[in-house]
Structures are given as C-alpha cells and as structure tokens.
Amino acid sequence: MSALRQPLPAEILALIFHYLEQEDLYECLLVSHLWHTEAEIRLYSDVTLDALQENSTLLVQAVKNRKHLLRRVEWRAFDVGVILALDLMDILLDHRPPADDNGDINTDYLFSFIKQEQEDYYGTTTPAATTTTTALSHPLGPNRPALTHFSYSGSDASWRLFDSILYELTTLVSLDLDFAREGWATEAYTIDMDKILDSFPHLRNLSIVGWMHKYGSTQTTRLEDVSHLSLQTSDNGTTNGSGGIRQHRLESFTFTSLLMWREGSDAFTFFSRLANLREIVIRSRASSIEAARRSRPWTFGRALKRFCPKLESIDSSGQVALWLFDLPILPSDKISHITALIPDPSPKDMSGVSARQVQPATKTDLATRLRDQEWEELLEGKGGVEPFFPQLKTLILGWDHTLSAQDLISLGAQPQFLTHLEINYQPGNPSYVWGMHDRDAADVDEDVMFKPFNLFMESEDKLIEDRRLRKRRKIEDQDVMLFLQHCSSLRHFALTKYNIPFKNLVQGNDNDNNTGTTKKTTAVGAEEEEEEKEEGPSIRRWACEDTLETLHIGFEFSINEPEQHRLVWNHLGRFKKLTCLTFARAPLHWDRLALIPSVSYGVEGLLNGGRRGEGGGGGSARTLQEIRHLPTWWKVEDRGAMVEWFARACPRLMVLGLEHKREYVDGMKRNPYTTFLEEEGVKQCSILDVFIE
Amino acid sequence: MTVILVSSDNQDFKVDKEVAERSILIKNMLEDVGESDSPIPLPNVTAAVLTKVIEYCEHHRNDPVQVPEETDDPRKRSNDIEEWDMKFMQVDQEMLFEIILAANYLDIKPLLDVGCKTVANIIKGKTPEEIRKAFNIVNDFTPEEEAQIKKENEWAEDR
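Protein sequence lines, in the order shown, are assigned to chains L and D. By our numbering, the letter at position 560 of the first sequence is numbered 560, and the numbering carries on one by one without gaps. To convert a position in the second sequence, counted from 1, into our numbering, add 1000.
Bear in mind the hints are in silico, worked out from the structure with no lab data behind them. Treat the hints with care, as some may be off.
[What the hints assert, rightly or not] Restricting the straight-line Cα-Cα distance to at most 16 Å, the calculated cross-link-like pairs of lysine to aspartate or glutamate (EDC-like) are:
1) D:K1124 <-> L:E11
2) L:K67 <-> D:E1152
3) D:K1126 <-> L:E21
4) L:K64 <-> D:E1154
5) D:K1109 <-> L:E11
6) D:K1076 <-> L:D24
7) L:K64 <-> D:E1152
8) D:K1126 <-> L:D24
9) D:K1124 <-> L:E23
Generate coordinates for the entire structure from the input sequences, incorporating the hints supplied.
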C-alpha cells in the first residue's frame, strides 16, 4: 500500500479519540507525534482521581504536569485525607504549599491542616454553623485548569479543606457531590445553597446527595424580598426577576429528601433564584415515618410553582412526600355532598322494594363511594385542583415512590404536556405519608388530626374527615387504568414490577364507574354494552392510542383463556405510533402467564389494530421497531415460526429480545430452547437482532 | 429537482436535491445560489470518493435530520453501527480516510460519525505498531522519546 497522501487532521483525530477508552488512548500516544498530541488531550481531559486505586500516585503525578488539559475531574476519596487534598489544591488550583529547602512540604503548614481536621472531628467547632474557608496564603497560579465538570464522592471529614478547594472552582458547568457514610464521616456538613449559587455562576447541573447534615442557605433570600417578585423572560430566554433577584442558569438539580424537610416559612425561597430550573431529581433514603413527619409537600409545591415556571421533569425515588397537585381542603360547611354518601340505615334498592334484608353499609362500602366520588370530581376538573408543576412533561418514579392516586388521576384528567411517565409500581408498600394533611391551610381543626398509627381505625367520621382534608391514597390497579383511559398526551409509558390482570383492562368490571368516565356516551349498565357486541367483554380504550411511542408493561393471564390474550393483542394493535414495546418479566407460576404471542392466542391482533371488521390495515405492527422481553412460553416447536411471523408482520422490526424460561434438565439449570435461533428461517429473517434476553 | 456535483477530477454527478442536501455545505450553497442550474464544484473530493458519499446519502435520504445534541456524556459508544453502514465502510484504509475527510468537508455529520466509529473500532485492542501498520503511519519518535512517553503515562497502561 502506498503511503497516505495526507495524514488525518487533528480535529478528525479528536473526534475518533472520543470513542476510545483509556487503554487504547495509551497505545495511540505512541503512534506518532500528531497522534500523541491529540490522544494526550483526550486522555487528560477526563480524569478520575481515586485514592484507593493502585495507579493513583502515578496518575496524580502525570496530571500535575498537564493541568491545563483538565476539563472533567472525578475525585473519589475514602476520606478527604490531607495529603490527597493538598495534591488536589495543586492540581485544581495551582496552589503549591510552601516548601522548605529540600523541596519537602513545610511541616508546619501541613500540621496546621491536620490540627484543623482534628478540631473538626472532635467537635470543638461546629461545621453546621459556618462554612468559612481556609484562606489560601498564595494567590492562584496561571496553570489553573478550566474545569467544567467536577464530581466528588467521599466522606465529609476535613470539610474545611474541601470547602477551600470547592468554592474556587468557579468555571464549573456541572457539579456532583456525593457524601458517603464511611471513614471519618461526620454527617455534620451543611451545604450553603446560596453560596453555591453565588460561587458557580455558570453552573447548569447540580447534584448534592448523600449523608450530610442539611441544606442551608445564608438567609439572603427572605420571603418578603420575593413577595413582590414578578418574573420576566428576557430575550435570550433566561428568566430575570425584577426586584433585584438575579436569576441563576441552573437547569438541573438533584437532591435528597433532606431538602424537602427544611423548616420555616423561608424554607424554599432560595428557589426564587432558580427560575431556569427544568429538572429536579429527588433521592430519598428516609423511612416513611420520617417522611411523613418532616416533609412539607404543600409548601414545597407552592414555592416551586411560584419560582420555577419552567420545571418540566421530575424524577423521584424513595419515600418523599411529593404532591403534584394542590387539592384544597374543603371547609367544614361545604361537605354536604360528601356526607350525603353515608348511606341510610334502610336504603331502598333499584326496584323500589323497601329493604328489610339489606345490611347497613359497611365502612368499605363508604370508602368505595368516597373514592368513586373523588374520582369523578378529579376527572371532571372540579374542586379547584391546581397543578404545582403546570409544565410537567416527564415524570419518573423509582423504587418505593409515594405518588398518590389523586395526583395520578389528576395528571390524566388535566390538559397536560405530560409525555413521559414511568412508574415503578409497588402496590404492597405501607407508607405513613398518606396520613399527612396541609397544616398550613385554614379550616383545619387540630383536634381532628389523627396520628399516623390510627390509619387502621376507619370509622365513618374519620373517612369523611380524611376526605375533607384531602388526604392522599396509594395507587391501586384501577387508578392506573383510569389514568391510561384519560391521559391523551402520553408518548412514553412504563409500568414496571407490576402485571396487569385481565379484569382490570375490561369494562363491565365490578368496581367500574360508568358515569361520565368513558368516551362512550351511553351511560347504561355493563350488560347493555355487552349486548351491543356479541363478544362479551372488551378492553377499554386508552386515550393515548394516537400518541404512544414506547410502552413497557406486563400482563398476567390464564393459559386457559385464549380469548383474553386475543383481546389484549388486539388492544396492543390499536396504537398508531408504537415503536418500542417491552414486556415486564412474566410471573413464575404455571397457571398464570404473560401475554402469549402465538396465533392460537390471537397475536395477529397486532395487525388489525381495532375491532374485528374494521379495516385496520396494519395496526401497530406497521410501526414497531423494537420488541423486548417477548414471552416465549409457547410451544418449543413453534418458536422459529413465531420469530418469522414477527418478521413478516412487522416490517420495521429491527430488534427482538426474547424472554426465556430456565428449566432444569438432568438436574442442571439449562436453557434448552435456544436452538431455534440457529434455524435458517430465523437467521435470514428481516429482523437485524434476535436474541435471548 | 436534481443538482449537478462536479468532483475534483471533473466528473459530473447528477443527484436529487434531497439527497445532495444531506450535506449541509451543499445545502447552504444551494440556498445562497437560489434557483440556478449551475453545477456545484467540489474541488476537495475525487470522483471515486464522491461516488461512495452519494451512495451513502441515497441510502439514508429518508433519515430524520440529526439534531445537534449537547450531551454531557464524554464517553461515546462505537458499537452501534447499522449493518448496512458496516458493509458500506468495508473499504481499504485509504478510501476510509478519504470518506471521512469528505464527510468533514461536506458537513455530513452521520457519515462522519460512522467513519470515526469505524476507525475507532479498528484501533481498539491494537499496539502502536499494529496501528501504524493499519493506517500507514510513519513512526517519528526516537527511542528515547518513546521511553519518556511510556514512563509519564504509565498509569494508563492496560495491565
């Protein structure tokens, strides 16, 4: 081969090196001078300093000579040990401690830091009160790196030293702090939110999580300062407040439940500086009792509604009382429509026959009626329900979340921008946050307040009072279904760790509320609707059939009811834009199964996309590009044929991931059902990627 | 509507406007020039390379236009190349580099990305000598320089 006419220019090499890991970049350093220059830039722009790693001393030395290349630094410290911190001062701040004649660090200087550390640890000073920094005795040097990203994970021991480094990194665009509980952690560190916002004017992403004392703010923003605030959007899109509050550029903020527990009426006024905030991520490790006692969801919601009009994404996991809507407490004199639900001791039944045999209503019955009435109210937009986050597009709820039923229903009912919802559904999760009510509101009689323990004493009076106080309720099956039937803007929906039983999907359900909640205007009983179509039960339509693109969902059916499967496949075929369908992992019991993709179980419903007899013409099979965790419970001999069926039915299908069933063969766990992947038909089909999950 | 592209060795290529506009450079040129029929000269691209580039743009003519994303993620994946693209990129090293340079000049980001990923995949796992051999690069280091570099960057070596 002839030599290249021209070598690749530096900017192209830079692009290529973006795709390489450390080991390969090392090899590139030795290829040629040009490659060395570019590879070095890439290698040292993104550096992780980990005190526990073998090569860290070598790395620190190499980095010291190349500080100007640093853009992203991740600092992992078991402890903020003094020596490592001094190295960091050199690297990040170009600050070299005074040396004696031999070039060693001046020991007095060193001891002064250690002494401070000891004072902090043994409690002679309280770090919670102040965050005074150790004054650097030398001005900052010229080789200081232009850091954009800094992340720290380690304990909060030696917080003084940490502070003296942290607040000097004023060029940061992204800051990530994770305080670990190990080593000499004091959990006494207080983050000063105002100081953070002041020190890092270019910051767009901020994440402060872990174990620390609290989120503080140096009371520079008081409630009275911002009470007259009106927010105006300037030309470049950043929001500026009149009245002297300079808006910060921060777009994404990650924090723990500690922040939700701030006390006082000024608790969340520092958010008045965050009018550009688009996303919040909340991580909580609190117990549900703590969350119930200390969270302030109403105050938090009201503050954010007022100060952060651009908020469009919330990601929350753990016990965090976070309400999305303001459900105003009903005044005691305005609850006649609720008290009317308490049934008479001797109700008449439908035919007018006076009831001697009818039992007095049980508390369950009242609870059900109250719930149904609340549903109706929420779905019709009555009762002054206001969203705290009117721009919400994305809501992600992780493990042990505390989204309430009322908030979910309201999300579905109100005209929303909501396009993305992920719920990690934990139906059996007890939580004391359901006992909370808005203490700041008027019309609350303190005598009536029940302790969380009394949740189990469901007297009629208590049920009524709970309803009046708008106490939240955990999400149940019907709430999810109701949401799906009403939310018309959804593009991405995921409901993980939950398998929907067939009865929840259909109409004619016992708990079904037919009045005004369906698109069908015939408000008659279920039997009449069934008579209209000969097939009996049918699946309730979802409001998002025209918009949904991604669906992650699980089903639980009986193997003996192919009709149920057929109806659901038909339902799945209704979506006009579905590109990605992921099934939740199937239940493990023999008589309960996931949705079966097989012709005898109606899988061609994907093609018809609608009721039988409708033209259909393609259904969601036309748009599907990716199917994951497709259950493979069907007969072994059918598997290759089914893959080919999917290839023919779904012309755009590129990825097909198959769930497999492990079986014990000869006493060993084996997956014997993979041979079909080698069949000619399967290998040659149009699906690019067929694999076992 | 078709446009005429002229390679550096004076060969004419007639392509649909929609296909040609996968190149942002050409797209901007067309917008500036307006409704003129005059051919567009591409002095930096030979006919052989232009043929390949046009083939790529034809195949991807219906792809959605990529929005420049400001991702914060420094690490990018190179293992997600489509099968057609992979076969398309199975050319000799010289042509591979020429395609990348052309994609850069013509501002066709998806093609540039695929090219760079392909090169990255070739580099992965190779020693410096193997890399030089693969790309015909001359070693311009003295042995002392090599030793120095190895010493300074020891921490990054894969053990």
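Satisfaction of hint between D:E1154 and L:K64, Cα-Cα up to 16 Å: holds, 14 Å
Hint consistency between D:K1076 and L:D24 [alpha-carbon to alpha-carbon, up to 16 Å]: holds, 14 Å
Pairwise hint evaluation, L:E11 against D:K1109, where the allowed Cα distance is 16 Å at most: Given pair D:K1109, L:E11 holds - Cα atoms ~14 Å apart, limit 16 Å.
Pair hint outcome, L:K64 versus D:E1152 [Cα-Cα no greater than 16 Å]: Holds, at about 11 Å.
Restraint check for D:K1126 with L:E21, where alpha carbons must lie at most 16 Å apart: holds, 12 Å
Holds or violated: D:K1126 to L:D24, with C-alpha atoms at most 16 Å apart: At roughly 8 Å apart (the allowed maximum being 16 Å), L:D24 and D:K1126 satisfy the hint.
Distance restraint between D:K1124 and L:E11, which requires alpha-carbon spacing of 16 Å or less: Cα-Cα ~19 Å, so violated.
Given hint D:E1152 paired with L:K67 - CA-CA distance at most 16 Å: holds, 14 Å
D:K1124 paired with L:E23 [C-alpha distance capped at 16 Å]: Given that 16 Å is the threshold and the Cα spacing comes to 9 Å, the pair holds.
In summary, the structure is inconsistent with hint 1 from the numbered list given earlier, while agreeing with all the others.
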